[in-house]
Amino acid sequence: LIVGAAYEKAPFEDLDSIARGILGAKGHVHLHFGSPLDGPSLSVTDAVALID
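The opening residue of the sequence shown carries number 307 in our numbering; numbering runs sequentially from there.
The hints are simulated quantities; they were obtained by calculation from the structure and are not laboratory data. Some hints here could point you the wrong way.
As the list claims (entries may be wrong) - Listed next, with one range per pair, are the computed distances between beta-carbon atoms:
(1) Gly330 <-> Leu356: 32 to 40 angstroms
(2) Gly345 <-> Asp320: 36 to 44 angstroms
(3) Leu356 <-> Leu329: 30 to 38 angstroms
(4) Pro346 <-> Tyr313: 42 to 50 angstroms
(5) Ala311 <-> Asp352: 52 to 60 angstroms
(6) Ile357 <-> Arg326: 31 to 39 angstroms
(7) Val350 <-> Ile324: 30 to 38 angstroms
(8) Leu348 <-> Ala312: 51 to 59 angstroms
(9) Asp344 <-> Gly310: 55 to 63 angstroms
(10) Val350 <-> Gly327: 28 to 36 angstroms
(11) Ala355 <-> Val309: 48 to 56 angstroms
(12) Ala311 <-> Leu356: 51 to 59 angstroms
Computed from a predicted model, the values in this text were never measured in an experiment. The beta-carbon is built from N, C-alpha and C at its ideal position, and this holds for glycine as well.
Start from the sequences and build out the full structure, keeping to the hints where you can.
In structure tokens, the structure reads:
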């Protein structure tokens, strides 16, 4: 890169970058889905106790 040079994005450059981030390699990633927590009446403290 040249210091002070203007940069102009290519069309769809941001969208391409997002797609590469979603579809590209990420290393070791583990997703785990469990049962839903019991509704909006559950406090944060109670939710943490159930998860931990």
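Evaluation of the provided hints:
| no. | hint | result |
| --- | --- | --- |
| 1 | Gly330 <-> Leu356: 32 to 40 angstroms | 34 angstroms, holds |
| 2 | Gly345 <-> Asp320: 36 to 44 angstroms | 38 angstroms, holds |
| 3 | Leu356 <-> Leu329: 30 to 38 angstroms | 34 angstroms, holds |
| 4 | Pro346 <-> Tyr313: 42 to 50 angstroms | 46 angstroms, holds |
| 5 | Ala311 <-> Asp352: 52 to 60 angstroms | 55 angstroms, holds |
| 6 | Ile357 <-> Arg326: 31 to 39 angstroms | 32 angstroms, holds |
| 7 | Val350 <-> Ile324: 30 to 38 angstroms | 31 angstroms, holds |
| 8 | Leu348 <-> Ala312: 51 to 59 angstroms | 52 angstroms, holds |
| 9 | Asp344 <-> Gly310: 55 to 63 angstroms | 58 angstroms, holds |
| 10 | Val350 <-> Gly327: 28 to 36 angstroms | 30 angstroms, holds |
| 11 | Ala355 <-> Val309: 48 to 56 angstroms | 54 angstroms, holds |
| 12 | Ala311 <-> Leu356: 51 to 59 angstroms | 54 angstroms, holds |
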